[in-house]
Amino acid sequence: MTSIERLKLSQLLEAAFFVSNTPLNIKQLKTELLINYQVSHQEIRDVINELVIKYKDSGINLVKVASGYRFETITTLSDDLAFFVAKLNKEKAPKYSRALLETLALIAYKQPITRGEIEEIRGVAVSSYIMKTLLERNWVKVVGNKEVPGRPSLYATTKTFLDYFSLTSLTQLPELLPMADLGATDKPIEEMV
Amino acid sequence: MNQSVTQKKAKLPREMVQQVLPLALIRGEVVVKKPQDLFIPPDALEVILESFEGPLDLLLYLIRKQKFDILDMPIAPITTQYMQYIELMKEIKMELAAEYLVMAAILMEIKSRLLLPKQAVEEADEDPRAELVRRLQEYEVIKNAAQQLDQIPRLERDLFEGSAELAEDFQAAIFETHVEMSELVSALQGVMKRTKAFEHHHIEKEFLSTRERMSLILAYLKRAAATNSAFVEFSELFKVQEGRQGVVVTFLAILELIKESLIECLQTQVFGQLRVRLPE
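Protein chains in written order, with the working numbering: chain A, 1 to 193; chain B, 1 to 280.
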């Protein structure tokens with residue numbers, strides 16, 4: 001175990017974030033990248049914060065998401081980049097249907113939730129294709145079974161889901177709008193017919 | 001209403017040439033005319049179906065578009081419009097249409113209940129629209145949530161991960177793979193152990209006979225009785241060198257002897273040494 005200079009530590013972390021395909025968290029950095037060095041969690045955290053500041057005004061930011069830190073482009077460039085990236089990849093970013101988004105929103109906000117409960121709120125059957133897509137993208141997973149007849153699977157969102165939306169936790173999801181205020185009507189029924 | 005529509009549909013000549021449609025659809029803005037003698041290509045219907053996420057969504061749309069307060073819901077006109085949509089979709093997506101039909105039935109039920117002359121106080125009936133309104137509200141919350149979720153910047157569309165190539169002279173670390181002979185041996189042992197687990201259990205003839213051991217113990221006790229004391233320490237009867245099998249056999253022999261009252265086992269104090277002797 002040797003000590004590591006602050007500058008080298010900073011360079012090493014910076015490089016690691018760029019080279020890695022997935023977000024890296026402090027524990028990972030300590031046990032996988034800095035295994036031969038004597039570094040504390042706090043030191044790593046400090047250096048990361050320095051890096052965050054260093055990139056503050058740059059086209060890419062060091063951002064914390066659910067499963068760690070990663071470099072990502074800043075949102076003000078999104079429109080211009082999206083076009084360019086689509087060309088580079090020769091395909092457009094996947095577009096998700098309203099049905100899929102509604103299902104995902106229900107799982108995100110009401111988890112753990114069964115398929116039946118999703119269907120009840122949406123008023124339509126959930127297509128198997130949608131569930132398959134959500135599971136394949138690893139955005140949702142089965143976290144258990146509801147103890148009711150048939151023991152249906154309970155679905156919840158994953159860290160991958162949060163990473164994809166660049167969130168650190170579910171609490172960062174936009175708040176649900178209150179139900180439209182339709183309150184109980186005062187008008188007698190006859191008036192409305 | 002339903003019936004007449006079905007009949008009309010049935011009469012539609014299938015081979016009719018497609019005409020320019022007076023049926024326009026611009027995201028959300030659906031202009032539907034009851035098909036008189038117009039052939040509507042199934043594609044057009046699918047477009048209508050796909051722009052709604054089910055009966056609740058359609059109903060919400062109708063209510064919002066007409067700027068109704070949900071509670072002021074004038075059931076009759078909504079139901080009429082609603083039925084028009086259903087007529088359109090019945091043709092292609094039966095299984096989907098079913099969900100819409102259920103909703104139509106609910107609307108009809110509400111309408112009919114509202115039309116019925118109000119009975120005296122006794123029936124503290126809930127407003128028949130309450131349940132539907134509750135579901136519409138609940139659905140609208142999620143519909144909004146989904147729209148908001150769609151607004152959140154996300155990878156692939158709004159955000160792109162920064163990445164860099166490794167230096168040109170970069171070489172992946174090679175982990176030392178030197179293996180000690182002893183590790184190899186222990187690995188082999190591990191394998192052998194595991195293969196044993198897959199062997200069938202063979203019942204082997206026991207090398208040590210319990211009966212024989214019983215005799216030996218009796219003889220030993222007799223000899224002891226003859227020489228000095230009648231008591232023999234329990235542990236004295238065991239020969240550790242014989243291993244587990246020997247110990248088990250000796251123990252079984254002792255149990256057997258006690259059962260047959262050929263020997264006695266005594267303990268003079270709690271947790272004290274067990275002693276064995278021949279019965280007097």
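Among the clues, some could well be false.
Derived Cβ-Cβ restraints for the label pairs, each shown as a range [said to hold, decoys possible]:
no.	chain 1	residue 1	chain 2	residue 2	range
1	B	F251	A	N25	55 to 61 Å
2	B	R113	A	K95	40 to 46 Å
3	B	E156	A	G116	57 to 63 Å
4	A	D80	B	D169	56 to 62 Å
5	B	S186	A	I53	28 to 34 Å
6	B	R244	A	Q111	52 to 58 Å
7	A	D46	B	E131	56 to 62 Å
8	A	Q111	B	Q137	41 to 47 Å
9	A	K30	B	S163	38 to 44 Å
10	A	N49	B	S163	56 to 62 Å
11	A	D80	B	S163	42 to 48 Å
12	B	L184	A	I53	48 to 54 Å
13	B	Q148	A	V52	24 to 30 Å
Now the stretches of chain B that chain A is said to cover, found in silico as 3 or more residues with beta-carbon under 8 Å [what the hints assert, rightly or not]:
no.	segment
14	52 to 65
15	147 to 154
16	188 to 195
17	221 to 231
No lab work stands behind these hints, which were simulated from the structure alone.
Where is the CB? At the ideal position from N, CA and C, for every residue including glycine.
Here's how the hints hold up against the structure:
Look at F251 (chain B) against N25 (chain A): about 57 Å separates their beta carbons, and that is inside 55 to 61 Å. At roughly 43 Å, the beta-carbon separation of R113 (chain B) and K95 (chain A) lies within the given 40 to 46 Å, and the hint holds. A C-beta distance of roughly 31 Å is found between E156 (chain B) and G116 (chain A), which places it outside the suggested range of 57 to 63 Å. At roughly 34 Å, the beta carbons of D80 (chain A) and D169 (chain B) sit outside the given window of 56 to 62 Å.
Look at S186 (chain B) against I53 (chain A): about 51 Å separates their beta carbons, and that is not inside 28 to 34 Å. For R244 (chain B) and Q111 (chain A), the hinted distance range of 52 to 58 Å is satisfied, since their beta carbons lie about 54 Å from each other. For D46 (chain A) paired with E131 (chain B), a C-beta distance near 57 Å keeps the hint of 56 to 62 Å intact. The hinted range of 41 to 47 Å is not satisfied by Q111 (chain A) and Q137 (chain B), whose Cβ atoms lie roughly 21 Å apart.
K30 (chain A) and S163 (chain B) have their C-beta atoms about 22 Å apart, which leaves the hinted 38 to 44 Å range violated. Taking the beta carbon of each, N49 (chain A) and S163 (chain B) are about 22 Å apart, not inside 56 to 62 Å as hinted. Hint check: D80 (chain A) to S163 (chain B), Cβ distance near 19 Å, so the stated range 42 to 48 Å is violated. At about 52 Å, the beta-carbon gap between L184 (chain B) and I53 (chain A) stays in the expected band of 48 to 54 Å.
Taken as a hint, the range 24 to 30 Å holds for the pair Q148 (chain B) and V52 (chain A), whose Cβ atoms sit roughly 27 Å apart. Only when three residues or more bring their CB closer than 8 Å to a CB of chain A does the claim for the segment 52 to 65 of chain B stand; here the count is 5, and the claim holds. Remark: the segment 147 to 154 of chain B is confirmed as covered by chain A, as 8 of its residues place a Cβ nearer than 8 Å to a Cβ of that chain, reaching the required three. For the segment 188 to 195 of chain B, the assignment as covered by chain A is violated, since 0 residues bring a beta-carbon within under 8 Å of that chain's beta-carbons and 3 are needed.
With a threshold of 8 Å between beta carbons, the proposed coverage of the segment 221 to 231 of chain B by chain A is violated, since 0 of its residues qualify and at least three are required.
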